[in-house]
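Trainee: Please model the entire structure based on the sequences and the hints provided.
Going down the list, the protein sequences come from chains A and P.
Under UniProt numbering, the first sequence has 62 at position 62, and the numbering climbs by one with no breaks.
Under UniProt numbering, the second sequence has 129 at position 129, and the numbering climbs by one with no breaks.
Read the hints as simulated data drawn from the structure, not as lab findings.
Be careful, since some hints might not be right.
[To be verified] Straight-line alpha carbon distances no greater than 27 angstroms define the calculated DSSO-like cross-link-like pairs of lysine-lysine that follow: (1) K191(A) - K177(A); (2) K152(A) - K401(P); (3) K129(P) - K261(P); (4) K152(A) - K413(P); (5) K413(P) - K401(P); (6) K177(A) - K408(P).
[As the list claims (entries may be wrong)] Listed next, the stretches of chain A that the computed footprint assigns to chain P, with coverage defined by at least 3 CB atoms under 8 angstroms from CB atoms of chain P: (7) 51 to 61; (8) 109 to 123.
[As the list claims (entries may be wrong)] Only some residues are given here: those of chain P computed to face chain A with a beta carbon under 10 angstroms: (9) G437; (10) G439; (11) V440; (12) R474; (13) I480; (14) D487.
Computed from a predicted model, the values in this text were never measured in an experiment.
Each residue gets a CB set at the ideal place from its N, CA and C atoms; glycine is no exception.
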Amino acid sequence: MANRGNQAGTATAAAGGAAQRPNGATQGKICQFKLVLLGESAVGKSSLVLRFVKGQFHEYQESTIGAAFLTQTVCLDDTTVKFEIWDTAGQERYHSLAPMYYRGAQAAIVVYDITNQDTFGRAKVWVKELQRQASPNIVIALAGNKADLAAKRAVEFDEAKGYAEENGLLFMETSAKTAMNVNDIFLAIAKKLPKNDGAGGVGGSSGQGRRLDRAEDGNKPASSCCK
Amino acid sequence: MATSTHTEDNESRIREGFICPICMEDLATDDQLLLHFEEAHNTEEDNDVLQAFKDFLGKAKKILKSDNPFEILEKTSSKSSQQKQDHVEWDPQDFGVIRSHWSDFRKFRSNRMDFYAAETNKLIIRLDKIVSCLPSEAAKRREHEQNIVTWVNDEDVQLCPQCAKSFNILRRKHHCRVCGTVQCHQCSQFLLLSFARKLTNPSYIPTLDDNKEKPSPPKRLTHAAFHALKRTGSTTSLTSLTSLIDTDTGEGHIRVCYYCKQLLERREQQMDSRSQNAVIAELYNEMRKYMEKGAELMPVFLKMLESFSQGESTYNLKDAQECRLKLLKIAEYVDGYSKKIQSLGIDDEKNPTSGTALSLQLKIRLSAVNFLKENLLGLPNLPTEEQLLVLQAERRQAIEKRIAQEKKAVFEKRETETRRQYMDNQKDFEAVSVDRGWGVETSNIRNVNESDDPMLQQMQIMRNYIQQARRANRYDDVVILEANLRDLQIEHERMQSQS
Numbered sequence: 001m002a003n004r005g006n007q008a009g010t011a012t013a014a015a016g017g018a019a020q021r022p023n024g025a026t027q028g029k030i031c032q033f034k035l036v037l038l039g040e041s042a043v044g045k046s047s048l049v050l051r052f053v054k055g056q057f058h059e060y061q062e063s064t065i066g067a068a069f070l071t072q073t074v075c076l077d078d079t080t081v082k083f084e085i086w087d088t089a090g091q092e093r094y095h096s097l098a099p100m101y102y103r104g105a106q107a108a109i110v111v112y113d114i115t116n117q118d119t120f121g122r123a124k125v126w127v128k129e130l131q132r133q134a135s136p137n138i139v140i141a142l143a144g145n146k147a148d149l150a151a152k153r154a155v156e157f158d159e160a161k162g163y164a165e166e167n168g169l170l171f172m173e174t175s176a177k178t179a180m181n182v183n184d185i186f187l188a189i190a191k192k193l194p195k196n197d198g199a200g201g202v203g204g205s206s207g208q209g210r211r212l213d214r215a216e217d218g219n220k221p222a223s224s225c226c227k
Numbered sequence: 001m002a003t004s005t006h007t008e009d010n011e012s013r014i015r016e017g018f019i020c021p022i023c024m025e026d027l028a029t030d031d032q033l034l035l036h037f038e039e040a041h042n043t044e045e046d047n048d049v050l051q052a053f054k055d056f057l058g059k060a061k062k063i064l065k066s067d068n069p070f071e072i073l074e075k076t077s078s079k080s081s082q083q084k085q086d087h088v089e090w091d092p093q094d095f096g097v098i099r100s101h102w103s104d105f106r107k108f109r110s111n112r113m114d115f116y117a118a119e120t121n122k123l124i125i126r127l128d129k130i131v132s133c134l135p136s137e138a139a140k141r142r143e144h145e146q147n148i149v150t151w152v153n154d155e156d157v158q159l160c161p162q163c164a165k166s167f168n169i170l171r172r173k174h175h176c177r178v179c180g181t182v183q184c185h186q187c188s189q190f191l192l193l194s195f196a197r198k199l200t201n202p203s204y205i206p207t208l209d210d211n212k213e214k215p216s217p218p219k220r221l222t223h224a225a226f227h228a229l230k231r232t233g234s235t236t237s238l239t240s241l242t243s244l245i246d247t248d249t250g251e252g253h254i255r256v257c258y259y260c261k262q263l264l265e266r267r268e269q270q271m272d273s274r275s276q277n278a279v280i281a282e283l284y285n286e287m288r289k290y291m292e293k294g295a296e297l298m299p300v301f302l303k304m305l306e307s308f309s310q311g312e313s314t315y316n317l318k319d320a321q322e323c324r325l326k327l328l329k330i331a332e333y334v335d336g337y338s339k340k341i342q343s344l345g346i347d348d349e350k351n352p353t354s355g356t357a358l359s360l361q362l363k364i365r366l367s368a369v370n371f372l373k374e375n376l377l378g379l380p381n382l383p384t385e386e387q388l389l390v391l392q393a394e395r396r397q398a399i400e401k402r403i404a405q406e407k408k409a410v411f412e413k414r415e416t417e418t419r420r421q422y423m424d425n426q427k428d429f430e431a432v433s434v435d436r437g438w439g440v441e442t443s444n445i446r447n448v449n450e451s452d453d454p455m456l457q458q459m460q461i462m463r464n465y466i467q468q469a470r471r472a473n474r475y476d477d478v479v480i481l482e483a484n485l486r487d488l489q490i491e492h493e494r495m496q497s498q499s
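Mentor: Written out as structure tokens, the structure reads:
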């Protein structure tokens, strides 16, 4: 709260007051994180998010056009974390849109299908791209989806795990169908994200801190943090 | 005694024979006495007396002729009671007061037993003293004997206490060596020295070289006995001497009275029966030992057998076969011993086993048979080596199947567990979530022209999203979406200008 007060002070008083939501007052810290899902088409990105946000699962999920937008709020100890999730389309023709969404994102989930070795290879490419072009502090999680189809496994757990460890990624095998590890992976990301946004916001890189405060976010154009 | 009816004590003088009760005339035979009585005293007033006398005499004769006088007495008395019952019809009677005399019986019996036991022990002690250092010389021997037992004075005894006959030259007085009483030679008994030694030594076992161990050789002892008889101060009667030689089978002996001999013989019987029991007990112990061994080995064998039938290879087939052979041998032993116990003493013609002893032997045999039936009879056969191999193969298959099943079960269990964990996590998650998540509807943006530039397409989608967010009153999200739309527009312009 003290941190937030400081930041509110830096912004205009009216905007700061308007930005302070009632839940923000009662809760401890409120952090908002931009999270982007990347990965080959039909690996289950939309399903994963749908499971996380709405607790639903559709056997025949339509392929995403462009990028979908969803939010979910979770409580982590005394911190309320709001995820602002960009679910990008996996199809190649929408690939050009991806940088729009991973730029300025604090977290990314790169999804692959454990029954399809090619999707794992594509995931590696995505990881490389993120490491090169996204924010250097971005938290990347690797999700091996469709774990319920372990019988048709094509990507070994250890292989993916080893790769994740080499690249400093969070790694879990998930199943949107059975809900296995879905909440876990989001919670793990939430835990790994820096929550001392006030100090980090001031001293950190341009993109990281500001996104975390809604007051600032609401006042200033998003472009200020994303070049 | 029946003989006393013929004798009359006349001024402390004893008269023996067939004496007429009226005129006191001594007649040679009973027939003569009867004849005399009928002739001399056949008067009217004497008729009753005669009749009574006749009855009396007849009865006495009958008793005298029979082997067991008491049997007849009992018979006559029972006859008379039967006759009584014939005459009088008794009303059925209820039991009156019943009183247990057991304690009285016990008291008297134990008194009697104690008496006999003490008496026998006394005799044994004396016998022991006599036998232990018996001098071979007659004079010394007598002195030795008299030192141990005080002999009754010859003068105090007028008649032989056994046969009630008066002593004379032919019927000499003899002393029992262990109690000191006087009796005639006919009534006295003899203890063989070996017998005496057996009595005095509880662990005495007659052996072949026992004769050598004896302090005096038999012939000399006969000689000594002869001298001892001579030393009593009277001439040795020919009959007693011959009888002595007759009874002497080349072994030394000790003169005892009838009662002492009885007591000592009973003692010997007791000892014999004890030793006989020892035989049966020994056999029984041996049998029990084998039975216990069998009972111990049986479960081991069965365990082996079961293991084999399950196809396990824990045990060696050879060991099991050995075990089976051992069991069979044990069964044989138990059978043999129980048979021996059963037939114990049956061949003994003199003293065949009977009563409780026999039934005990039979029961031991029966229990052994039962044991064999229950445990060792029909001992199951071991599988052959080929059978064993088949069984083992079967077992391997079964085990593999079971392991697969177990693995499957474990896997399923783990899966359900993990699923439950997700559910739990979900619950936790739901518990901590502030509000339900919100997401745009993507189904109503199908009308987007796919041929368009993805960037333009996305801007259109974003406008749609913003509307949705507005409708859903998610103004926070509207802000984010609008920001993104602006980003897209800027990007699009940049790209346009680049191209």
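Trainee: Hints first: check each against the structure and report whether it holds.
Mentor: Hints, one by one, checked against the model:
1. K191(A) - K177(A): Cα-Cα ~24 angstroms, so holds.
2. K152(A) - K401(P): Holds, at about 24 angstroms.
3. K129(P) - K261(P): 17 angstroms, holds
4. K152(A) - K413(P): Roughly 20 angstroms separates the two Cα atoms, so the pair holds.
5. K413(P) - K401(P): Answer holds: K413(P) to K401(P) is near 18 angstroms, not above 27 angstroms.
6. K177(A) - K408(P): Holds: K177(A) and K408(P) sit about 22 angstroms apart, inside 27 angstroms.
7. 51 to 61: n = 4 at 8 angstroms, threshold three: holds.
8. 109 to 123: violated (count 0)
9. G437: This hint holds: G437(P) lies near chain A, its Cβ roughly 3 angstroms from the closest one there, short of 10 angstroms.
10. G439: OK, holds: G439(P) within 10 angstroms of chain A, min 3 angstroms.
11. V440: The hint holds - V440(P) has a Cβ within 10 angstroms of chain A, the shortest such distance being about 5 angstroms.
12. R474: Because about 7 angstroms separates R474(P) from the closest Cβ in chain A, which is inside the 10 angstroms limit, the hint holds.
13. I480: 6 angstroms, holds
14. D487: Holds, because the Cβ-Cβ distance from D487(P) to chain A comes to roughly 6 angstroms (cut-off 10 angstroms).
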